[in-house]
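From just these sequences and the hints, can you work out the full model?
For reference, the chains in residue letters:
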Amino acid sequence: MRFLAFFFNLLEPVFALSQKWLGQSRLAWLFVGPNLLVFGLFTFLPIVINVFYATSAGVALMPADRPFSGLENFQTLFECRDYFDFQTCRKDVFWRAIGNTLQFSVIQVTLMVLFSLLTALVLNRKIIGRGFWRGVFFYPVLLSPVVVALIWKWLLKSQGVFNAALVAMDHPPIEWLTDSHWAFFWTIFVSIWAHMGFYTLILLAGLQAIPKDVYEAALMDKASPWRTLTRITLPLLMPNLIVVLVLAMIRAVQVFDEVFVLTGGGPGSATTFIVQFIYQTGFAEQIHLYGLAAAASLALAVGLIVLTLLQLKLTRAKDAGQKVR
Amino acid sequence: MFKTESILQRHAFKTLALALMAAGAVSAQAQEVRVMCYQDGVECDVTAELAKKFEAQNPGVKIVVDTVPYKTIVEQLPVQLAAGQGPDIARVTDLGGLSKFYMDISPNLKDRKYFDTQFGTTAAWLSPAAGDKGIYGFMSQLTMTGPYVNKTLFDQAKVALPGPKATWDDWVAAANKVAKATQTKAAMAWDRSGHRFAGPAISNGAAIFDAKGDLVVDTGYKNTINKFVGWHKDGTMLKEVWAGSGGSTYADSIGEFINGNVVMVLSGSWQINRLQKDIGTKFDWEAVPNPCGAAACTGIPGGAAWVALKTSKSPKETAAFLSFMAAEANYADFIAKTNNIPAHAGLAKKGVNYTSAQPAAKAALGVFSGGVANLSPVAYKFQGYKYNRAIMLPTVSRVTQALVGELSVDEAVNKLNADMQDAVKQAQK
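Protein sequence lines, in the order shown, are assigned to chains A and B.
Taking the numbering used here, the leading residue of the first sequence gets 1, the next gets one more, and so forth.
Taking the numbering used here, the leading residue of the second sequence gets 1, the next gets one more, and so forth.
No lab work stands behind these hints: they were computed from the structure.
Note that this is a predicted model, so its numbers are computed, not measured.
Check before you lean on any hint, since a few could be wrong.
[Stated by the list, open to error] Far from chain A, some chain B residues (derived; all Cβ distances over 12 Å):
(1) 130
(2) 131
(3) 166
(4) 367
[Said to hold, decoys possible] Straight-line C-alpha distance at most 30 Å; calculated DSS-like pairs for lysine-lysine:
(5) A:157 <-> B:151
(6) B:185 <-> A:157
(7) A:153 <-> B:71
(8) B:233 <-> B:222
(9) A:153 <-> B:233
(10) B:277 <-> A:157
(11) B:62 <-> B:52
(12) A:157 <-> B:239
(13) B:71 <-> A:157
(14) B:233 <-> A:157
(15) B:113 <-> B:133
(16) B:239 <-> A:153
(17) B:227 <-> A:157
(18) A:153 <-> B:282
(19) B:165 <-> B:151
(20) A:157 <-> B:177
(21) A:157 <-> B:180
(22) B:381 <-> B:349
(23) B:53 <-> B:277
(24) A:153 <-> B:185
(25) B:180 <-> A:153
(26) B:282 <-> A:157
(27) B:158 <-> B:239
(28) A:153 <-> B:277
Positions of the beta carbon are idealized from the N, C-alpha and C atoms, including for glycine.
Spelled out as structure tokens, the structure:
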């Protein structure tokens, strides 16, 4: 503490001088300057570069070698004869990726919130080995997504553990990862398995923050467990639920690593999501279409901005509702 | 006074000596040659052995062989090169696609004629433009796509191997009989690669190039897609290889062959070492000539090349090391130890003594070497074409979509055509 005080005392003349020159209101810029510089370099500049790539053509990496192409990449991405039929789109895989991402997000987020809530409610009760069960549910969160995907890939491959069990029971093996529907199912399942612990933890914290006397009052009023859940627990847990919902939604839209390792986006494009499309277009294919990938990533950014605005609106509406009450 | 001067002088000498040592260290660093290498078998290990020999003959030059996965060569090296970063030498397979990054070593070669004579037939594959006279490296080996069969399964099923002029349909029928009799998972699998797919397509009459020399998806190509999709639907082909991935990701079928899950695979000569090592005495395997179609009985030639890169900071040493690797004795050593087909004209004529090859591997090398004579001219042109990836990559992604039922064959062909034209258009900008 003494050292800090000494250190700041040393800087005092500098700040005093700066305040004299800049004035009190402008001095704040001096403090946020370094942070703005870092933000500008590592966040804002890449966005500007991304916009540049999205509006340039060719396969060259260096900006100087890329001719300006205006909105051509966006036109290529969004060119469709019939927007209700992906096949008529010039970049049909982009639209399939969007469709898959939307479908994945809706199903995965709904199930994720539901299972996280149920698990949190159970883990909040005085069950035997509560600490152990909390650990069990949180454990997958600590694993690397690649490890998670590899474990499940070994279980699900044609000669994996699951099919070995089926064959042992005189059942023909199932194409877990080469059938489109099963592959899609497993991407959702594995994703929920891997991340549920994190959301459960947030909800558990919310449940523990609900005052006990509210439940005691409900008990005295002989409220049924269902009524207690719907009239007390869920309304008081709503801020945490909104956080979980928005975080899960943003994460679902950005899904990539687990699915890429588990299915590679296949079979066909059944589990190709938008981030994988961007990666493949820009980097994995040997003809690197950086411009198209950059345009698709801007489209993804717009989607994420919409989700964030939705979160803000929901949070504000919730706050306003609480104030009115 | 004299003493002070003497001390000062001594100091000055010491400083000068230290500066010279530092300069020496810097100049020694400048003579380092970095080689980015991937290996199917032991190619990088053998290169490292040869590098030690080179270093002994050329004191002051340090060769660093960085062994990397093939994926790094395919995905990361082009990005590094485009950004102006990269090694001095790399072992690459996208011969034409990366040609703009190659460095001409001819000004630093003592015997340019040797390269022209011994590697002249494949030199054009490395040229950035038609008619270019530069020397950018040389083929470390020739490869050829082609099939392998599980001979033990054929014997167990008492089915004779179809002869050298048998068609793909003949092989499919025979392999299906074997698979059925031996309860093997599937009759056949092809590597998930547009390069592998091109062999049967050209055999079936695909012209690949139109009259103007541009890529074209014609009836021969479409017929092959049709057959290939049909073979997946009737269970002839092992679905996991093509349907197990998305996009145009490469997946080999040789693992399934080694595990005894298929009777026959379409892969290539570069797998001989792996087969020898991984199969051992588990079953008998053979390389067989490329099956025929209506137009030819061809595979696709190819191979990897050692190329000098413009990012090199030691062009003289880079040229010297490539020259050393290309010398007949060293090249023969590399080819013999790695069980590959030589691209060196003199060595090909003399023949290679494959000391580490077992009888099955030796026989397979003989089949592939013999098959070179049957390669279609279209196959050669295709391999050397700068934008061949423009048809190879969408072939993988679109054909997969057709075989899993996302697209019909007609739709897949139309999409493939559009993707191919888009890719060529972008690559030309």
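Against the structure, the hints come out as follows:
no., hint, result
1, 130, "20 Å, holds"
2, 131, "23 Å, holds"
3, 166, "29 Å, holds"
4, 367, "29 Å, holds"
5, A:157 <-> B:151, "27 Å, holds"
6, B:185 <-> A:157, "14 Å, holds"
7, A:153 <-> B:71, "20 Å, holds"
8, B:233 <-> B:222, "16 Å, holds"
9, A:153 <-> B:233, "24 Å, holds"
10, B:277 <-> A:157, "25 Å, holds"
11, B:62 <-> B:52, "9 Å, holds"
12, A:157 <-> B:239, "12 Å, holds"
13, B:71 <-> A:157, "22 Å, holds"
14, B:233 <-> A:157, "20 Å, holds"
15, B:113 <-> B:133, "12 Å, holds"
16, B:239 <-> A:153, "16 Å, holds"
17, B:227 <-> A:157, "26 Å, holds"
18, A:153 <-> B:282, "27 Å, holds"
19, B:165 <-> B:151, "18 Å, holds"
20, A:157 <-> B:177, "26 Å, holds"
21, A:157 <-> B:180, "22 Å, holds"
22, B:381 <-> B:349, "23 Å, holds"
23, B:53 <-> B:277, "27 Å, holds"
24, A:153 <-> B:185, "19 Å, holds"
25, B:180 <-> A:153, "28 Å, holds"
26, B:282 <-> A:157, "23 Å, holds"
27, B:158 <-> B:239, "26 Å, holds"
28, A:153 <-> B:277, "26 Å, holds"
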